[in-house]
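Protein chains in written order, with this note's numbering: chain B, 1 to 297; chain A, 1 to 160.
It is worth saying that the hints were derived from the structure and are not from the lab. Hints may contain errors.
Covered stretches of chain A, as calculated for chain B (at least 3 residues, CB under 8 Å) [claimed, not checked]:
| id | segment |
| --- | --- |
| 1 | 67–80 |
| 2 | 99–108 |
FRET-style restraints, in silico, Cβ to Cβ [claimed, not checked]:
| id | chain 1 | residue 1 | chain 2 | residue 2 | range |
| --- | --- | --- | --- | --- | --- |
| 3 | A | Glu149 | B | Glu63 | 20 to 28 Å |
| 4 | B | Asn210 | A | Val65 | 12 to 20 Å |
| 5 | A | Leu115 | B | Leu70 | 18 to 26 Å |
| 6 | A | Gln145 | B | Ser195 | 26 to 34 Å |
| 7 | A | Ala135 | B | Ala91 | 48 to 56 Å |
Cβ coordinates follow ideal geometry from the N, Cα and C atoms, glycine included.
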Amino acid sequence: MFANQVKSILVSSSSCLPSLWTVNRRGMATLKMISMRLKSVKNIQKITQSMKMVSAAKYTRAERELKLALAFGDGSQAFYEQAEVTPPENAKNELIIAISSDRGLCGAVHTSVGRLIRSKLQNKSDNVKVVCVGDKARALLQRLFGQNILYVAKEIGRSPPTFEDAARVATAISDSGFEYDSGTIVYNKFKSVVSYTTSQIPIYSVSSVNSAPKITLYDSVDPDVLQNYIEFSLASQLYYAMKENACSEQSSRMTAMDNASKNAAEMIEKLSLAFNRTRQAVITRELIEIISGASAL
Amino acid sequence: MFLSRVGVRSSLSGVIRRGYAAAAGGNEMAFTFAAPYQVYYNKANIKQVDVPSFSGAFGILPNHVPTLAVLKPGVLSVVEGDNSVKKFFVSSGSITVNDDSSVQILAEEAVPVELIDGSAAQQELSAAQQELSRASGDKEKAEAQIAVEVAEALVAASKL
Numbered sequence: 001m002f003a004n005q006v007k008s009i010l011v012s013s014s015s016c017l018p019s020l021w022t023v024n025r026r027g028m029a030t031l032k033m034i035s036m037r038l039k040s041v042k043n044i045q046k047i048t049q050s051m052k053m054v055s056a057a058k059y060t061r062a063e064r065e066l067k068l069a070l071a072f073g074d075g076s077q078a079f080y081e082q083a084e085v086t087p088p089e090n091a092k093n094e095l096i097i098a099i100s101s102d103r104g105l106c107g108a109v110h111t112s113v114g115r116l117i118r119s120k121l122q123n124k125s126d127n128v129k130v131v132c133v134g135d136k137a138r139a140l141l142q143r144l145f146g147q148n149i150l151y152v153a154k155e156i157g158r159s160p161p162t163f164e165d166a167a168r169v170a171t172a173i174s175d176s177g178f179e180y181d182s183g184t185i186v187y188n189k190f191k192s193v194v195s196y197t198t199s200q201i202p203i204y205s206v207s208s209v210n211s212a213p214k215i216t217l218y219d220s221v222d223p224d225v226l227q228n229y230i231e232f233s234l235a236s237q238l239y240y241a242m243k244e245n246a247c248s249e250q251s252s253r254m255t256a257m258d259n260a261s262k263n264a265a266e267m268i269e270k271l272s273l274a275f276n277r278t279r280q281a282v283i284t285r286e287l288i289e290i291i292s293g294a295s296a297l
Numbered sequence: 001m002f003l004s005r006v007g008v009r010s011s012l013s014g015v016i017r018r019g020y021a022a023a024a025g026g027n028e029m030a031f032t033f034a035a036p037y038q039v040y041y042n043k044a045n046i047k048q049v050d051v052p053s054f055s056g057a058f059g060i061l062p063n064h065v066p067t068l069a070v071l072k073p074g075v076l077s078v079v080e081g082d083n084s085v086k087k088f089f090v091s092s093g094s095i096t097v098n099d100d101s102s103v104q105i106l107a108e109e110a111v112p113v114e115l116i117d118g119s120a121a122q123q124e125l126s127a128a129q130q131e132l133s134r135a136s137g138d139k140e141k142a143e144a145q146i147a148v149e150v151a152e153a154l155v156a157a158s159k160l
């Protein structure tokens, strides 16, 4: 028992010495070390399990709200499809809106949005501006394309997105003074609990709507009405995309946390096996020491 | 004798059904009316809808000429297939009438008129009017003006 303690003291005091460390690593880990690791893994499992519960509750709410927002989202895109609006051929200024949130630990939800935008920017980065909704998108794009970021909306993801949030983002875009010819909203479209697809919604400027082939069919479209209409439809499309993304994020966090809990359980099993084996070895060695000491007398 | 009568009746009902279907084909309207947190109609077939817009209130029947408009605070009434009328209060939003006779009305806020509390609406109106009298600066004034307009429409809707 004493020898065991000495060894652990040695390790902690001389951990800076690589040779001693490796000797210890090659031999059997000490009981103390294993029990410490076991405890920390158990704590991690508790955390991931409760995070899974929280995101499961948030997910059910997000899915319920998404169902109600679906008609709203479809309706906001119907006009552009019916009027066959297309982005202008020689679009100069482009706007990309990245939908993400401030919270991580949710699989590849944010990275897939970031990756799609990075590949777009690698093809063409002049006159392209990015609006980041959520801090994670900024973190992904800051290093390589920091000069392309127009602005960042923070505090996204704590509570479910509301129409006011979307309206505020849309107002900030129109107030920024950046005149875009074409644009896209990049977000994760929710498919089921276990899957989502990274999708894009095109957004259009007043001039591209005016040059659409079927716009002449529409009666009494005066510029003022069209301007208001496009501003409102940008806000509603943003709202829809934020809802879809929030739902994908929560479902993905749920899966990620479930996997983490499973992995922790696996680790706990292995560690407790190693713990018991080491404990048995220590007992056997002490017995041998006593017996051999007694027989030497 | 009896058999031949059955035959006549079934062929007659076939004719009627076809006639109805043909008429419906010309008069169908895919009507969508939604707010961010609520769906009232999703591609439903209705007879008529009257909307308040900034270019004037107008009624939409099936096969209306395609148009775009912006909703104004007021009451939107929907005439359903069985001629029953439903009224909703809307604050703002957009109206789209498309080529294929589909209509999308997206409102920022929409509530059935029955659910409006008249006295609360009145309080809202007086609060908005006070805000307007206090407001300084163009932007604040415009915002307060909009609040008053919405509250006025809300009070009017609660009295229906």
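Going through the hints against the structure:
{"no.": "1", "hint": "67–80", "verdict": "holds (count 4)"}
{"no.": "2", "hint": "99–108", "verdict": "holds (count 7)"}
{"no.": "3", "hint": "A:Glu149 - B:Glu63: 20 to 28 Å", "verdict": "violated (36 Å)"}
{"no.": "4", "hint": "B:Asn210 - A:Val65: 12 to 20 Å", "verdict": "holds (18 Å)"}
{"no.": "5", "hint": "A:Leu115 - B:Leu70: 18 to 26 Å", "verdict": "holds (23 Å)"}
{"no.": "6", "hint": "A:Gln145 - B:Ser195: 26 to 34 Å", "verdict": "violated (48 Å)"}
{"no.": "7", "hint": "A:Ala135 - B:Ala91: 48 to 56 Å", "verdict": "violated (40 Å)"}
Of the numbered hints given earlier, the model fails hints 3, 6, 7; all others are met.
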